[in-house]
Amino acid sequence: MNKMTDNKFEPKILGFLCNWCCYAAADGAGVVRFQYPPNIRVIRVMCTGRIDPLFIIEAFRLGADGVFVGG
Amino acid sequence: MVEAGRSPNIKIITKATLVSVDGGPGRFAVRVHRLPRYVDEELCTGCDTCAKYCPVQIPDLYNQGLAFSKAVRKDYVQAVPSSYYIDPAHCLFFKHEMCTICVSACPSRAINLQDKDEFLDLSVGAIILSPGFGRIGHEVLSRFGYGKYPDVVTSMEFERLMSASGPSQGKILRPSGLADPRKIAFLQCIGSRDVTCNNNYCSSVCCMYSIKEAMIAKEHDPYVHVTIFYMDMRTRGKGFDQTRQRSKAKYGIRYVRSRVASVEEADGSLRLTYVNDRGEHKVEEFDMVVLSEGLESPDSAKELSGITGIDLNKYDFCDTHTVTPLETSRPGIFVAGAFKGPYDIPDCVTHASGATAGVAELLAATRGTEAIKKEYPPEIETGDEPRIGVFVCHCGTNIAGVVDVNDVAEYASTLDSVVFVGRNLYSCSQDTQELIKEKIKEQNVNRVVVAACTPRTHEALFQETLKEIGLNPSLFEMANIRDQCSWVHADTPEEATTKAKDLLRMAVAKARLIEPLKEQTVAVISKALIIGGGLAGMSAALSLAEQGFESYLVEKTDLLGGNLNRMYYNLAGRDIRGFLRDTIKKVEDAPLIHVFKNSEVENISGYVGNFSTRLKTDSEDVALEHGVTIIATGGREYQTKRYLYGESEQVVTQLEFEKMLSASPDPKTIEDIVMIQCVGSRGEDLEYCSRICCGQAVKNALKVRQLNPDANIYVLFRDMRTCGFVEDYYTEARDKGIIFIRYEVDDKPRVTDNAGSIRVEFTDIILGETLQIEPDYLVLSVAIVPNEIETLSKMLKTATTQENFFLEAHVKLRPVESAVAGVFVCGLAHWPKSIGDSISQAKAAAAKAAILLGRGYVTVEPIVSSVDIDTCIGCGICESLCPYASIRMIKVGKKKKAETISASCKGCGICASHCPTLSISMGGFTNKQITAQIGAFGEGS
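Chains as they are written, first to last, in the numbering used here: chain V, 1 to 71; chain L, 72 to 1012.
Think of the hints as simulated: they come from the structure by calculation, not from any bench.
Backbone N, C-alpha and C define an ideal beta-carbon position, used for all residues, glycine too.
Label pairs and their calculated CB-CB ranges:
#	chain 1	residue 1	chain 2	residue 2	range
1	L	208	V	11	53 to 61 Å
2	L	452	V	11	39 to 47 Å
3	L	952	V	11	30 to 38 Å
4	V	11	L	353	53 to 61 Å
5	L	416	V	11	37 to 45 Å
6	L	171	V	11	52 to 60 Å
7	L	249	V	11	41 to 49 Å
8	L	870	V	11	36 to 44 Å
9	L	323	V	11	31 to 39 Å
10	V	11	L	989	24 to 32 Å
Reference excerpt, derived from the structure (chain V facing chain L, CB under 8 Å, subset only):
#	residue
11	12
12	24
13	27
14	32
15	33
16	35
17	36
18	41
19	42
20	47
21	50
22	52
23	63
A short list of chain V residues far from chain L (calculated; beta carbon distances all over 10 Å):
#	residue
24	8
25	9
26	11
27	66
28	68
Go ahead and model the full structure; you've got the sequences and the hints to work with.
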């Protein structure tokens, strides 16, 4: 990603999704074939309460343009 | 459904009908006739190849005939069993002995055209009838243009039209092929509340499903206008009225109180003729008409009744009694679901659990004796060096049609620690499980990664496969390359492939660090605490006792029975005092039930299997240990100050009035009676509908009529919500001259004191006039409010609704369980409900509680937290933050340390993310694992 060739910025996004709600909703989006841009990579957690702020900092340090927390 | 399909203790026999039932409770001999499927369930992988090749197209009944299916098919994608079957009525081979294309097309040779029908003789202890409901006849539907005008559809058809998996992929199209509908009308009570088709009962569920469909239609197309034509909006379930309000306020759904007289076509539109509630004649045009069809008794009802000998009611539903709501007329045969009457999903699920309690009571002596417990081989020692096996799934074309699975598999083989990469057409099929096992053994794989669908639906299946060959189920990870990749990036295959590789790399990075985790078990104290000695609490205690389990029944007052002490007769006018007396006696005599009257729970702590409770009784404090807790704290009449209640002795509540009527008062003192509905309910003081007051008013009105045939009885109402068969009593009341007059919410009846005598003034909407009555009594149908539960819900950490009713874990699927394991709820503490529904729900709670009590232990998923006591500094932050009270502080030597209570830990990880010394780790979600995933994410281009 980050295809800069056509001068279009494609952000690289890391998502932390709660197993019980947002991760389930992301599956649901698939079931109804809802189409969205392919820029997100997902880490499943059992609750967004699990997310240590350090995870988010680490994601940015390693090149994430955005972090999505869904819960 | 999948769970039922997977249970070793449930055998699903499809295409089967009941032939005969002999014997009695505990020893039934049942004969079942099974028709052949012609497709071997064991061999079929559900790949759909047979249906692709099958040349016979027939209407797809699951999609209500709006799409096509084949002669060899599966009715719908999620069907259980997931194997296909051949419909011999349409198959060319069975009709003309030609075409056997499917036989050669099937890659797993599952098709067997020689399959034969068979008779199965089963010996069972009890029977539950749940044949579901039937459909309203074409003759009734055709009165509203159905069958004549293509754009008149049933609500079932409309449901499929709106479904993403339906014939138009969720786009609402007019069957006539004309432009998308702009104006849609829903007509309520089609085949319900209609004596002309012999269905005088109310189907209960249609109001709510129409509102749901109307809102979804609006979500699909914000420019569509939806109108619902109705007689009474019967949204009386938990949260239903709020949804109805939302449908008006947020979605702009229009409600018209009227029964539409006719539907005719005019210039490509559908012309509806109706009379509104002001008596005005109206004509309006719509693009599409949805008929909200009611629930009919099942087609097989009469046949079932003939075979089993059970009684049906006059509408051919299963006949049951108020106090034995789940029992048929034949002992040992129980009923659940819509065969009992028109009920919605939460009620049906509750009845089903309650019916199993009936079965468990009957078969208590043999509980567990024939249960099959799956045995697994001992766990293999895996060693530290990760050897990862990766399986990339095609999921037919679901994944492979978008993602380049070859590329993903090749990429996987370049990743560190990966020793094997395989591709599967369907990773979840039975034969692939065998293949996975083979490869694991062959390649000495000790960590498995499957790139396929979602762990939420399939993780358990693959973990089961791991267990079967002795690999710890935690040594498994999934990459979601279908639901969250191929399905949502169908138009960008290249990017989807890149994403699939990234997700797989992240999964492998985590897999390198996963460790075997031990599944923990915690013993369950085989006793229940039941809080509340009303009808629900007593019914739950009796059911548990019948099943052989001990319980403590705690009652706040000095009298068991709760609100039932204030009731004297049921809707049919029959005495229920005897039932209450018998029930109390049974409870007090039962050796397994320990009753504590004048007692309250002062403190409750612990977790599923191990609760400790301190009771405050009138004499001393009592300490109790129990494995489960059932909340049956009940409710009470709402204390209103409206309509001169408390000021005039002529103004009474329905319960007070019932007591007066039960004493057979002088008929002269009940010459003129006025009742007002929804006092406190539905927005006046409380937002919700109290569900049972309409039936209660009809009951007391009929009692007055019985005591004084000349009495003038007026019931002032907003919507009469006499759902199900209670509608018959509403009809009877009108037939007997009881006058029902509707009032508007912004024009309520006015009550004044006129020199010591009350006067009720109200507007008659149809006449448009103000009327005045000076009744002997004004009877208020006051709301039902839950008893005070704040302290209890805080101690148990159970959630409540904003109205202070206990909140169930899942409204539809887990209606009697709380989100806190081992805590169940029944009766008015859950929501206002009738006597029969309270008993059903109490039995359901007892059935659920008995699962834990009977098994004697609970297994804990190994995702729970664990504390490293060497680095823990005992700060207690985790304890204060845990939403489930699953961390406690203990003394280790002289130091305070945190300790996880595994049994109640839900694995949320709040403790781990807040621990200042990183001393808390989450099973399967450790800091190292998540950091490795983030690291692998960072490696992406």
